[in-house]
Amino acid sequence: GQNIDQPTEMTATEGAIVQINCTYQTSGFNGLFWYQQHAGEAPTFLSYNVLDGLEEKGRFSSFLSRSKGYSYLLLKELQMKDSASYLCAGSSGSARQLTFGSGTQLTVLP
Amino acid sequence: GAVVSQHPSRVICKSGTSVKIECRSLDFQATTMFWYRQFPKQSLMLMATSNEGSKATYEQGVEKDKFLINHASLTLSTLTVASAHPEDSSFYICSAQTIHQDYEQYFGPGTRLTVT
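Line by line, the protein sequences give chains A and B. Just so you know, we're using this note's numbering here: the first sequence kicks off at 1145 and counts up by one. Just so you know, we're using this note's numbering here: the second sequence kicks off at 39 and counts up by one.
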């Protein structure tokens, strides 16, 4: 089976750094995606990790440890527009199906 | 590139009617398309996986006779909610996948279905 866990809610201040953790138990694991989703909209792609280590992309970075079944998304220099739900998703199987976590609702305060 | 469209974006229908949602990959050929459902404040739940020209693979608990999927071409998949009921009201999102981009899934904008 597939199991993805991430915190339900987080709050941070504008300009700060926030780390959103995700643990997974996924058979046939291929890689891990992070998506951002604003209310009423479809998810937008943030990052994809296949190998262990840190992938940096501007203000957003994502880390993966396959041996620990652990990933995190790091958001730097937070802006108000970063308030959204952040979805961790494990890719598995030959069809590369995605299993999504429940999402972490991030609120950025002024 | 990699744009996916969905139509309609919103639909309100009466209980007992059928609703068809279209998902199109506009600038690439999708080897696989996926259909998800998302209830308020919940995450995306995979409903089915669809490959062009073959029958869709449904996730456990998803009724294939109620959620009819047709994947007629490499750029079009349709989801028909048959005899919709209020409990089918949800946000339906499709995604299209190509093997040429690390199997990344590109999401459509979603369809908000309200059954009265």
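No wet-lab data here; the hints were simulated from the structure. Treat the hints with care, since some could be wrong.
Far from chain A by the CB rule (all over 10 Å, computed), these chain B residues [unchecked claim]:
| id | residue |
| --- | --- |
| 1 | Lys52 |
| 2 | Leu112 |
| 3 | Arg150 |
Covered stretches of chain B, going by a simulated chain A footprint (3 or more residues, C-beta under 8 Å) [claimed, not checked]:
| id | region |
| --- | --- |
| 4 | 82–91 |
| 5 | 118–125 |
Bear in mind that the values here come from a model prediction, so they are computed numbers and not experimental data. We put the CB at the ideal spot given by N, CA and C, even for glycine.
Tested hints:
no.: 1; hint: Lys52; result: holds (23 Å)
no.: 2; hint: Leu112; result: holds (16 Å)
no.: 3; hint: Arg150; result: violated (7 Å)
no.: 4; hint: 82–91; result: holds (count 4)
no.: 5; hint: 118–125; result: violated (count 0)
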